[in-house]
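The listed protein sequences correspond, in order, to chains A and B. Add 149 to the 1-based position in the first sequence for my numbering, that's all there is to it. Add 12 to the 1-based position in the second sequence for my numbering, that's all there is to it.
Source of the hints: derived by calculation from the structure; they are not laboratory data. Idealized CB from N, CA, C, for every residue including glycine. Honestly, I wouldn't trust all of these hints.
What the hints assert, rightly or not - Just some of the chain A residues that point at chain B, by a computed CB distance under 10 Å:
#	residue
1	Q155
2	N159
3	L160
4	F167
5	H182
6	G191
7	S194
8	I235
9	G249
10	T255
11	P258
Claimed, not checked - Chain A residues, not near chain B, derived (Cβ > 12 Å throughout):
#	residue
12	N171
13	Q186
14	G190
15	K202
16	A237
17	V256
Here are the chains, one letter per residue:
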Amino acid sequence: KNEVEQSPQNLTAQEGEFITINCSYSVGISALHWLQQHPGGGIVSLFMLSSGKKKHGRLIATINIQEKHSSLHITASHPRDSAVYICAVFQTGANNLFFGTGTRLTVIP
Amino acid sequence: NAGVTQTPKFQVLKTGQSMTLQCAQDMNHEYMSWYRQDPGMGLRLIHYSVGAGITDQGEVPNGYNVSRSTTEDFPLRLLSAAPSQTSVYFCASSYRSGGSYNSPLHFGNGTRLTVT
């Protein structure tokens, strides 16, 4: 069973398009993380959320605790946004971190 | 402030050999953890630690040992390498406040391990 499900698995967009990546989870959580991994590269934390919405530059992350759902939005996408985006959750009262399998985003110039 | 330092970057082992993957952080984070990343499976937790002297198993602990003698270091030991342990390994750390993980995760750059 997967505690964290992401969609879509793969996404191709034209430069400038608005991108949405979705994350649904099945456990109670204390925090949700959005991570970015470039090809062959390390993993970078984009956002940590426990409620509401956060914005950093062209990236916006939202979370709905009641619906157990989070979205990552990228406005005015750029080829340098091409990467794998990973959703991860810390289960409430535990030290377990569960990861989605990632969304591979390709932005074409 | 180096963040999370993970070594080596690449390693090739023969079946049955042992080795230690090193992970060190200089941010005074209580929580440290090891993951493996395999194609199509996402990251999976191997072992984690919530402080010096405290370790626990994650989702896929078999074949791996850890120890946490200091806050800074969290080495991962492969006792007898098997081809099934071919993977990319990541170490990560996080600040833990009042039992909650409400700060960003910091990852090392990864170790690509091949077992032949």
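Each hint, compared with the structure:
{"no.": "1", "hint": "Q155", "verdict": "holds (9 Å)"}
{"no.": "2", "hint": "N159", "verdict": "violated (12 Å)"}
{"no.": "3", "hint": "L160", "verdict": "violated (16 Å)"}
{"no.": "4", "hint": "F167", "verdict": "violated (25 Å)"}
{"no.": "5", "hint": "H182", "verdict": "holds (6 Å)"}
{"no.": "6", "hint": "G191", "verdict": "holds (4 Å)"}
{"no.": "7", "hint": "S194", "verdict": "holds (4 Å)"}
{"no.": "8", "hint": "I235", "verdict": "holds (7 Å)"}
{"no.": "9", "hint": "G249", "verdict": "holds (6 Å)"}
{"no.": "10", "hint": "T255", "verdict": "violated (17 Å)"}
{"no.": "11", "hint": "P258", "verdict": "violated (27 Å)"}
{"no.": "12", "hint": "N171", "verdict": "holds (15 Å)"}
{"no.": "13", "hint": "Q186", "verdict": "violated (9 Å)"}
{"no.": "14", "hint": "G190", "verdict": "violated (8 Å)"}
{"no.": "15", "hint": "K202", "verdict": "holds (16 Å)"}
{"no.": "16", "hint": "A237", "verdict": "violated (7 Å)"}
{"no.": "17", "hint": "V256", "verdict": "holds (22 Å)"}
When each numbered hint is compared with the structure, violations occur for hints 2, 3, 4, 10, 11, 13, 14 and 16.
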